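Chain order of the listed sequences is A and B. The first sequence begins at 1 in full-length UniProt numbering and counts up by one. The second sequence begins at 1 in full-length UniProt numbering and counts up by one.
Misleading hints may appear alongside valid ones.
Think about it this way: if two alpha-carbon atoms lie no more than 27 Å apart in a straight line, the pair counts; the simulated DSS-like pairs of lysine-lysine are [claimed, not checked]: (1) B:508 with B:353; (2) A:72 with B:319; (3) A:110 with B:538.
Chain B stretches covered by chain A per the calculated footprint, using a threshold of three residues with CB under 8 Å from any CB of chain A [said to hold, decoys possible]: (4) 225-236; (5) 291-304; (6) 398-410.
Because the hints were derived from the structure by calculation, they are not lab data. Fair warning: this is a prediction, and the values are worked out from it, not measured in the lab. In this text, a Cβ means the ideal position worked out from N, Cα and C, and glycines have one as well.
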Amino acid sequence: MLQFKLVLLGDSSVGKSSIVNRFVKDTFDEFRESTIGAAFLSQSIKIKDPKTNQDVIIKFEIWDTAGQERYKSLAPMYYRNANAALVVYDITIADSLLKAKSWVNELKEKVGNSTDDNDNDNDNNNNNNNLVIHLVGNKLDLVEDDPEMRSVATEDAVKYSTDENLLFKEVSAKTDFNIKEVFQTIGEKLYEIRQKELDNNNNKQNKGEINISLPRPSTNDSTSCCS
Amino acid sequence: MGHNDFLSNAVPVKVNTLNFIPPKQRELKKSPSMPSFYKFENYTKHRSASINRSSIQLHDTNTPSRIPELLQEPPVDTVSVEDSFVDLYIDRNEESPVRSVFNRASSFQSTTLKRRSDITDPQHFDRYGFKKRTQFITEEEYDRWWSEYSQYCIRRKHKWRNFLLKSGLSLKNDLPEKFPPQSEKLKRYVRKGIPAEWRGNAWWYFARGDEMLNKNKGLYSKLLKKVEENKNNKNIIQDLDVIERDLNRTFPDNIHFYRESFQKEEPFMIQALRRVLLAFSIYDTEIGYCQSMNFLAALLLLFLSEEKAFWMLVIITKKYLPGVHSVNLEGVNVDQGVLILCIKEYLPELWSKMEASMLNTTGQKSISQFEILNKLPPMTLSTASWFMSCFVGVVPIETTLRIWDCLFYEKSHFLFKVSLAILKLSEEELLERKLSISQSILATFSNESLEHINSHGSGGSANHRSRPRVEDMTQDDYDMLFFQVIQTFPKKLLNPNDIFEKVIFKKKMTLNKLDQEEIDKVRKYVSSQRDKWARFNKVLNKDSSNNGNNDPGNKMLYKNLDDTSSIQEGTDNISLSNEEVMDTLLSEVSGFKRISLSGVNWNNSIKIRVKNIRQKK
Ligand SMILES: Nc1nc2c(ncn2[C@@H]2O[C@H](COP(=O)(O)OP(=O)(O)OP(=O)(O)O)[C@@H](O)[C@H]2O)c(=O)[nH]1
Ligand SMILES: [Mg+2]
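Chain A on its own, in the form it takes in the complex:
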């Protein structure tokens, strides 16, 4: 089992907590309490190793953060050691994409991004040069009911994501559309990166000890959550 830290960022009320709750507990509440500070949850998924075709368990430690602007000052605490970031906007609110973009910028500036192949000058295995960023446009269901409500065009978001080299999907926490897929994609991407790192390590150490990861205990209650 591999463990990764994932952080959710995005404006207040875009549906971060709803996405996490859909993913972790498969529930949705029309009215969910706004998040204060941050909430911690965890959930595991299975992916297939593309080479061996074996199942691999990926466990996400998820930090769901509060979206209000002023909480931004606490944000470095969340993403300090993150492996992945889910940056969420609401496709019915144009302004929320701007907020999402500013998160992406901040992450790239402060943490680095999976596309930067910089060599690290320290051996700190917690460096974040491999942060996976996934952009998500939420509340797709609203647009399906009433196309007028859309205020962020899919093409715009796609173009932005391509330019910035982000993963991207439109989802709905309400109807459970594309939610699992988002985490699946992130999981696969993280696994790919981890495998590359291992290969690099092995090459470096020539035929040194293989760095296998022993199965981790499951901290049972994967559904624990605070909201």
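Got chain A sorted already, so can you dock chain B with the ligands onto it with the hints?
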């Protein structure tokens, strides 16, 4: 039964003690300073025979009494949810008796209970209108616990009543307006819980609400007027959107805030909440609106009239939690730093685990107190909300209320004390969970994973591995477990006495030595440390502008800090007084490592330090 007979009734259980009805928050058409609930006549006129529970109403000190008539009714010793439940559906139009409370209530019952009985059946709600069942507590658990705790509440109220009468205070309609002067006895009574229906008055009294209100007579209505005039003007009401977005996300599981889809009008509570938050946002522009204040205001509205709730919100954010809700949230960070130091001082075992975790994530060999106070360990991501919302939503409601009782009587240090108490109790849970995890490791190892290890030729033999120990957990696993426990454990603290009897009332526990004076000092200390950090950083960024790394964790800083001379040299361009440098260095000397090894009393060391600095002046 006359009022006095009622009070001298020796059998507490017979007394109508627990009926709780929140003040009916309603639209304030005439004047906001008017009591914000229904005129009593309207309220009682339509009482139907089917709902004959008496209810003791929270009331304003300047409101004429509405209670005597109610006292004619047979006392009941159970908690009536129906009363408070029905209040929500009191029609706003008081001139129209046809659509009265109880008509509305009965029509409500006939139509909606059938449709959404799971959501709206009163038996699923507690006396404040919160859903009994939560993610962590079943309704059966709640009911079982409540059948005992409600008896406790009745006993406590009886004792309170005697205490007040002995202190020569009168209980107008069973509602005290004044409380005895501060004393150990009163503190104990408060800690054991203020009767729910007295809470509004008691909080208001202890927090000196009247002082605030008298200084600001009429201001709330002026603010409301301004809000009304600028309803859509985001330049004046900047937090309009954020507030609006949070209204339906405040206590969505409480019947007073919950909005049924068939309801055309918003619940009064939501309307009142909007007004309080908007008024506050233009009253205190340094704070404006901060998420978490919605929960503070909402809880206040369940216990106090709208205007009083507003002023209590002002008092909480100014007096009890200064800076915590400000735009940069610096107060939160300071308080989290204070909490960390408290953990170090009072829960050394937990502290050592936290330290290990920090070293693990940063990859450093050691970490200075200075750095910890400024970077704050990840645990504080969870505990920050404990302070911001004063435990609303963090622990179950009756527990929250007991904490609030003490908060207003004992001031903010109680939040730290109760945080420590909760952390202390979580440690036990943590141990239990670790044990069960060990067992699950055993299970895992006896299954596929053994193959996995063997096929990879791992060094550890299967024999050795099949005896799992707690130490088999990696630091990451432990951290994750720790976060989970910190998040979930408090939500299971249904019984407030678990905290109070197991920790707070245990005189021997050192954490009970924590007092307000100490917290005030440490707050000052942490805040000055963070200030310095920020200033050092400024210098550092100038010095190493080519570096582009503005992470305060920059190692250069520590080099400088370890060496007095370089601090003085390195800080040419900022004005650090000798005293400040001394203070920093002294604080480094009294770093936690020494404390945890030698058991030096940290409080004393702070006192000595302060003395030293004074002498140098
Ligand atoms: N129609 C629709 N509504 C959604 C969806 N996801 C979330 N919502 C609603 O949007 C509102 C806000 O959702 P939250 O999950 O609380 O938003 P958040 O991003 O966690 O907000 P903060 O905690 O304040 O940062 C709630 O009322 C949700 O019911 C969705 O996919 N479709
Ligand atoms: Mg949220």
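Tested hints:
1. B:508 with B:353: Answer holds: residue 508 of chain B to residue 353 of chain B is near 23 Å, not above 27 Å.
2. A:72 with B:319: Status holds; Cα separation ~25 Å.
3. A:110 with B:538: holds (17 Å)
4. 225-236: violated (count 0)
5. 291-304: Three-residue rule met by the region 291-304 of chain B, so holds; n is 4.
6. 398-410: violated (count 0)
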